[in-house]
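Below, each chain spelled out in residue letters.
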Amino acid sequence: MTAVDTKPSAGNAFARSIGHVLKARETGIAIALIAVVIVATVSNPNFLFSSDGFRDLLLTPSLLMVVAVGQAIVIITRNVDLSVGSVLGLTAYLTGRLFIDIPGIPPILVFVAGVGLGALLGLINGALVAFAKVPALVITLGTLYIYRGINVAWTGSDRINASDLPASFRDLGTGELLGIPLLTIFAVIVLVVAAWYLRNLRSGRELYAIGSDPAAAHLYGLRVTRRVIAAFVVSGALAGVAGVLYAARYGTVSSSAGLGLELQAIGAAVIGGVAISGGVGTVWGAAIGAYLLLTINRALPIVGIQDFWQRAVVGVLIIGAIVLDRVLAVRQHRRLIEQREEKP
Amino acid sequence: MFTLKRKRFGVGLAAVAATAALVLTGCASDGDTSDGGSSDGGSGDTSDVSITMLPKNLGNPYFDTSTGGAEEAVSEMGGTFEEVGPSEASPTSQVQYIQTAAQQGVGGLIVSANDPEAICDALDEARSVGVKVVTFDSDTNPECRDLFINQATAEGIAQVQVDLITEQIGDEGQIAILSASANATNQNAWIEMMEAELEANHPDVELVEVAYGDDDDQTSFDKTAALLQTYPELKGIVSPTTVGIAAAARYLQTSEFQGEVSLTGLGTPNQMREYVEDGTVTAFALWNPADLGYLAAYATAALVTGEITGAEGDTFDAGTLGSYEVGADATVLLGDPYVFDADNIGDFDF
Numbered sequence: 007m008t009a010v011d012t013k014p015s016a017g018n019a020f021a022r023s024i025g026h027v028l029k030a031r032e033t034g035i036a037i038a039l040i041a042v043v044i045v046a047t048v049s050n051p052n053f054l055f056s057s058d059g060f061r062d063l064l065l066t067p068s069l070l071m072v073v074a075v076g077q078a079i080v081i082i083t084r085n086v087d088l089s090v091g092s093v094l095g096l097t098a099y100l101t102g103r104l105f106i107d108i109p110g111i112p113p114i115l116v117f118v119a120g121v122g123l124g125a126l127l128g129l130i131n132g133a134l135v136a137f138a139k140v141p142a143l144v145i146t147l148g149t150l151y152i153y154r155g156i157n158v159a160w161t162g163s164d165r166i167n168a169s170d171l172p173a174s175f176r177d178l179g180t181g182e183l184l185g186i187p188l189l190t191i192f193a194v195i196v197l198v199v200a201a202w203y204l205r206n207l208r209s210g211r212e213l214y215a216i217g218s219d220p221a222a223a224h225l226y227g228l229r230v231t232r233r234v235i236a237a238f239v240v241s242g243a244l245a246g247v248a249g250v251l252y253a254a255r256y257g258t259v260s261s262s263a264g265l266g267l268e269l270q271a272i273g274a275a276v277i278g279g280v281a282i283s284g285g286v287g288t289v290w291g292a293a294i295g296a297y298l299l300l301t302i303n304r305a306l307p308i309v310g311i312q313d314f315w316q317r318a319v320v321g322v323l324i325i326g327a328i329v330l331d332r333v334l335a336v337r338q339h340r341r342l343i344e345q346r347e348e349k350p
Numbered sequence: 110m111f112t113l114k115r116k117r118f119g120v121g122l123a124a125v126a127a128t129a130a131l132v133l134t135g136c137a138s139d140g141d142t143s144d145g146g147s148s149d150g151g152s153g154d155t156s157d158v159s160i161t162m163l164p165k166n167l168g169n170p171y172f173d174t175s176t177g178g179a180e181e182a183v184s185e186m187g188g189t190f191e192e193v194g195p196s197e198a199s200p201t202s203q204v205q206y207i208q209t210a211a212q213q214g215v216g217g218l219i220v221s222a223n224d225p226e227a228i229c230d231a232l233d234e235a236r237s238v239g240v241k242v243v244t245f246d247s248d249t250n251p252e253c254r255d256l257f258i259n260q261a262t263a264e265g266i267a268q269v270q271v272d273l274i275t276e277q278i279g280d281e282g283q284i285a286i287l288s289a290s291a292n293a294t295n296q297n298a299w300i301e302m303m304e305a306e307l308e309a310n311h312p313d314v315e316l317v318e319v320a321y322g323d324d325d326d327q328t329s330f331d332k333t334a335a336l337l338q339t340y341p342e343l344k345g346i347v348s349p350t351t352v353g354i355a356a357a358a359r360y361l362q363t364s365e366f367q368g369e370v371s372l373t374g375l376g377t378p379n380q381m382r383e384y385v386e387d388g389t390v391t392a393f394a395l396w397n398p399a400d401l402g403y404l405a406a407y408a409t410a411a412l413v414t415g416e417i418t419g420a421e422g423d424t425f426d427a428g429t430l431g432s433y434e435v436g437a438d439a440t441v442l443l444g445d446p447y448v449f450d451a452d453n454i455g456d457f458d459f
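Going down the list, the protein sequences come from chains A and B.
Using the numbering used here, you'd call the opening residue of the first sequence number 7 and step up by one each time.
Using the numbering used here, you'd call the opening residue of the second sequence number 110 and step up by one each time.
Bound conformation, chain A alone (with noise of 0.2 Å):
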């Protein structure tokens, strides 16, 4: 999965032993997934040898990665979008009203809703910590509140059943592909574009240099606050269209829909390698990153560890993370420094 990422483009040292650097953390999480996919399937060969386990195996985490590609492109220009759970609460709901209030009513067009109103709440984020210059962290939280309060205002008790929605689109949501879920193919599908985006178009880099050092990007003339804020709405539309296959895949919407995701979004970036102060990091390592997050959630019950200790293993993996981060910064900064000394 790596591959794309880390092939090095540009033939000199600096480049190369970037692409190194990105290999490592990568690879690195990718092999804990296989490891873990390794000791729950040793325990219990159900984890990945039926087919409703290996069905699961996929299907799971894909609606996080969906919204984890979305955070890691906040991440990136050092930014943060905590509103992304209160965001997909939202459409999942507006997804179940589309279809009670329009009967008959085509799924793309629930999709193009749903796409909509995740970018508007994305822009409105974007749009206040763009303008406002008020910290993304405050920003988001504060909208985090707002959007699951508007939310909580519009559904009360009451909830999207699933009878509610049509089978056509449920089937979404369960449906496979080759033996490949549905929403797989289409969380894989998103974390390429993004990926080839961020890697290979000149806005797409610019999201890099503007997390890097924001004032220097700005200095340079590059728009900082176009991209800032179309990041956000790429972050919201994601959040929108997991909103969208929420409501395909559990049937069941109530006003709690998507609690809490915006921590375990950020939780799988970090994980992914996506450094939290910007600049740093690949879609590919906060999708592996969602993956090992939901794939250790579902294999500790097997292994038969207590499931009040899961959050507690999360927690490590999140640290660990960091620290790993940080050491390999330490790591790159000594060697930048040595190649410079070693040039004249």
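Where hints are given, some of them may not hold.
As the list claims (entries may be wrong) - Have a look at the derived ranges for each label pair, beta carbon to beta carbon:
#1 B:E315 x A:D177: 28 to 38 Å
#2 B:E369 x A:I40: 23 to 33 Å
#3 A:T231 x B:D456: 56 to 66 Å
#4 A:V319 x B:P170: 36 to 46 Å
#5 B:A263 x A:R232: 55 to 65 Å
#6 A:L115 x B:A437: 49 to 59 Å
#7 B:E264 x A:L269: 32 to 42 Å
#8 B:D456 x A:L115: 30 to 40 Å
#9 A:T231 x B:L167: 43 to 53 Å
#10 A:I111 x B:G428: 39 to 49 Å
#11 A:P51 x B:S196: 50 to 60 Å
These are calculated hints, taken from the structure and not from any lab test.
The structure presented is a predicted model; accordingly, all values stated were derived computationally and were not measured.
Yeah, the Cβ is synthetic: ideal placement off N, Cα and C, and Gly gets one too.
Use these hints to put chain B onto chain A, whose structure you have.
What follows is chain B alone, placed relative to chain A:
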């Protein structure tokens, strides 16, 4: 979810309350001139009893169902019936409707309280002009009402779930429980009783695990998956929470275990319709809000006509539901939870 939490208001009422209610109703019926039906005290003539129903909020399918039941009861008795209520279930939103009902001089008021405390003053005022106050579904403080119609007891809920699951799996094999959060008071009380009942009367049924889905769709869903993978011999899952049972049903519906692993618990018909119709779930339980409203209306009429005063041991007739007796703390218990299955689920919309 919401329907289950209400239950706790019904328990733990002070014995003092029953006495207080008794004394108060006694006074009230003496001075009651606002309503013709009650003047012939105790004769049971209900033909001009006027009853107002005040649910937590309007447009809520659960309360639409209970209002339907009450309306049916009143039409059988031959009184007048009106439903009023706020659009939002906020603590004080019911006050104005209580005041209006008192001014209109209705005979009885049936309330599902949004707050056990906030509407007490208004209810006291209404009772001081002779309105009989009956709470259902969700109680006020016991001194604020004449009677509470309790939908179910913890014992009844535990019993019906054990009965359903043991019947569905043939009274032997492994079962698991998918609960709400690990510290959910109601669920823990029920689980304890279910464990005791399983041990006492179902020796061949083994409860292998109590998993906690935190009343979250996603967590409950994933916990169901983990249960099914961890215990390949599992024959049944009991989920005593409406969120849990719907999530577990959704997982089962799409898994290889559909139809092989039984699922039951507490759920609402709208939530479970899909899964009952396709055979994922055979039967589940909850109380019937229509019966609850029906019983509340009969109880109110009995109070208004003076047939009962709300004292422990009073009995009254509740139409097709039969005869009921007032229990301790001026509480009337609806009965055993109602079992929903493919045959009757079509009759309900809540």
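| request: Determine whether the Cβ-Cβ distance between A263 of chain B and R232 of chain A falls within the hinted range of 55 to 65 Å. | output: Given a distance of about 60 Å, which is inside 55 to 65 Å, the answer is holds.
Requested in this report: Please test the hint of 36 to 46 Å on the beta carbon pair from V319 of chain A and P170 of chain B.
Outcome: Distance hint for V319 of chain A, P170 of chain B holds at roughly 41 Å.
Discussion item. Taking the Cβ atom of T231 of chain A and the Cβ atom of L167 of chain B, is their distance within the range 43 to 53 Å?
Written reply: Holds, since T231 of chain A and L167 of chain B (Cβ atoms, about 47 Å apart) stay within the stated range.
Item to check | CB-CB spacing for D456 of chain B and T231 of chain A relative to the 56 to 66 Å hint | outcome: holds (59 Å)
- Message: Verify the CB-CB distance for E369 of chain B and I40 of chain A against the hinted window 23 to 33 Å.
- Response: holds (31 Å)
* **Satisfaction of the hinted span 32 to 42 Å by the C-beta atoms belonging to E264 of chain B and L269 of chain A** => At 40 Å between Cβs, range holds.
Within 50 to 60 Å or not, the Cβ separation of P51 of chain A and S196 of chain B? holds (54 Å)
For L115 of chain A and A437 of chain B, compare the CB-CB distance with the range 49 to 59 Å and indicate the outcome.
-> Between L115 of chain A and A437 of chain B, where Cβ atoms are some 57 Å apart, the hint holds.
- Using the beta carbons of I111 of chain A and G428 of chain B, state whether their distance is inside 39 to 49 Å or not. holds (43 Å)
Taking 30 to 40 Å as the hint, is the beta-carbon distance of D456 of chain B and L115 of chain A inside that range? Holds - the Cβ-Cβ distance for D456 of chain B and L115 of chain A, about 34 Å, lies within 30 to 40 Å.
- request: Given the hint of 28 to 38 Å, check if E315 of chain B and D177 of chain A actually sit that far apart at their C-beta atoms.
  value: holds (36 Å)
Hint violations for this structure: none, all hints satisfied.
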